[in-house]
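When you get a sec, could you build the whole thing from the sequences and use the hints?
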Amino acid sequence: CIGAAAAGARTITASAGPGIAYMVENLYVASGMRIPIVLLDVNRALSAPLSIHCDHADSMLTRDTSWISLFSENAQEAYHNIIMAVKISEKAMFPIIVNYDGYIVSHSIEDVEMLDDETVRNFVGPSDIHRIPYPLLDVEKPVTYGATAQPDYYTECKYQQHVDFLKVYDIVKEVFAEFGEIIGKTYDFIEEYKTEDAEYIGISMGSSFGTLKDAVDRLREQGKKVGAIKIRLYRPFPAKEIAQALSKAKGVAVLDRADSFDGIGGPLLKDIVTAMMWSENKPLIHNFIYGLGGREVHEEEFMKAFDRVERLEKGIDTRDSFVEYLQVRE
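Going by my numbering, the sequence shown opens with residue 23, and the numbers climb by one from there.
Keep in mind that the hints were calculated from the coordinates and are not lab data. Here a beta-carbon is modelled for each residue, glycine too, at the ideal position from N, C-alpha and C. It cannot be assumed that every hint is accurate.
Simulated crosslink set (DSS-like; lysine-lysine; CA at most 25 Å straight-line) [as the list claims (entries may be wrong)]: (1) Lys270 to Lys247; (2) Lys262 to Lys304; (3) Lys336 to Lys247; (4) Lys270 to Lys336; (5) Lys189 to Lys207.
The calculated label-pair distances, taken between Cβ atoms and stated as ranges, are [to be verified]: (6) Arg143 to Asp174: 40 to 48 Å; (7) Thr35 to Lys336: 45 to 53 Å; (8) Glu243 to Asp342: 18 to 26 Å; (9) Asp284 to Lys336: 27 to 35 Å; (10) Ser269 to Gly245: 21 to 29 Å; (11) Leu137 to Asp192: 19 to 27 Å; (12) Lys246 to Ser269: 14 to 22 Å; (13) Tyr347 to Tyr181: 35 to 43 Å; (14) Gln183 to Gly41: 23 to 31 Å; (15) Glu221 to Gln183: 15 to 23 Å; (16) Asp219 to Gly54: 44 to 52 Å; (17) Pro164 to Glu135: 21 to 29 Å; (18) Gly245 to Asp133: 19 to 27 Å; (19) Pro164 to Asp186: 18 to 26 Å.
Rendered as structure tokens:
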């Protein structure tokens, strides 16, 4: 894929789990070379023990690789994300990953509204042009990709990559808006559900957001002021949007479908805690690991997470860790 993209071809591939792990070095190569590639990550757990089912361990391997990353709740959103990913990647000159949950989304039957081919072609642009300014196979303008950078140049290369990655926010917003004109609804970096007056908010990514919303509805019926947030754009991380969405919350349940095994908590926990540096509000934040290896999650379990956060925030419960597993069998 790297060679094809460097030669100027529009390049799309797919993988999952161990396949993602095998290519980690090349993920850094692709982003460092600033070539547009679309990678579909059908989220799968990593061994050992062996599992072919869903969690987000594979996508968390990619979070620091300078690939743009989108998460999808369902088949419709995955379809839309893939179309938008082509344009985002080629505008930003960074590779992009579209994540959707293995089996739960990838092997389930759902109704999907399809766009006609001509509409998609017009949106993403022609494929018979070079996707990059200096294609590898242009013999009239020979270039080298992946050359060695000595210590007196390497930092400047990475600094420019850092600066340009910050520009991705505006590019994603622009493409979301343009695509919204076609489908009649505009996506955003995050999606909020009943957060306007929420005191306690749960945050998740991927297919579990529907279950989280059901949990919110049931707790609302009990008079609880709760809400939910789905993260669609994972990298670059929408820190300011998260800080704004949590600006009035008393407690936050961060729901991670992967564990970092660092004694602190899951990957999403660290992102949320860092994002709150932008906010004067400092809610209690607690991390829940769930859904590993494809374990089915139910709204009752998310309701327990909300209850745990409320009890911690009110001082009824205490904790000696910021993270706990939500679904461990006794």
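Outcome of the hint check:
Simply put, Lys270 and Lys247 have alpha-carbon atoms about 12 Å apart, close enough for the 25 Å limit, and the pair holds. Among the hinted pairs, Lys262 with Lys304 is consistent with the structure: their alpha-carbon atoms are about 14 Å apart, no more than 25 Å. Of the pairs offered as hints, the one joining Lys336 and Lys247 holds, with about 14 Å between alpha carbons and a cut-off of 25 Å not exceeded. Proximity of Lys270 to Lys336 is assessed by CA-CA distance (about 16 Å); at most 25 Å being required, the pair is judged to hold.
A threshold of 25 Å between alpha carbons decides the hint, and for Lys189 with Lys207 the separation of about 23 Å falls inside it, so the pair holds. For the hinted restraint 40 to 48 Å between Arg143 and Asp174, the CB-CB distance of approximately 45 Å keeps it satisfied. A hinted range of 45 to 53 Å holds for the C-beta pair Thr35 and Lys336, which are about 49 Å apart. Under the hint 18 to 26 Å, the C-beta atoms of Glu243 and Asp342, about 33 Å apart, miss the expected range.
Between Asp284 and Lys336 the C-beta distance comes to about 28 Å, which sits within the given range of 27 to 35 Å. Judged by the Cβ atoms, the range 21 to 29 Å given for Ser269 and Gly245 holds: they are separated by roughly 23 Å. Taken as a hint, the range 19 to 27 Å holds for the pair Leu137 and Asp192, whose Cβ atoms sit roughly 24 Å apart. At roughly 19 Å, the beta-carbon separation of Lys246 and Ser269 lies within the given 14 to 22 Å, and the hint holds.
Hint check: Tyr347 to Tyr181, Cβ distance near 39 Å, so the stated range 35 to 43 Å holds. Checking the proposed 23 to 31 Å range against Gln183 and Gly41 shows it holds: the Cβ atoms sit about 25 Å from each other. Against the hinted window of 15 to 23 Å, the Cβ-Cβ separation of Glu221 and Gln183 comes to about 40 Å, which falls outside the hint. Taken as a hint, the range 44 to 52 Å holds for the pair Asp219 and Gly54, whose Cβ atoms sit roughly 45 Å apart.
For Pro164 and Glu135, the hinted distance range of 21 to 29 Å is not satisfied, since their beta carbons lie about 46 Å from each other. At about 34 Å, the beta-carbon gap between Gly245 and Asp133 misses the expected band of 19 to 27 Å. In this structure the supplied range 18 to 26 Å holds for Pro164 paired with Asp186, their Cβ-Cβ distance being about 24 Å.
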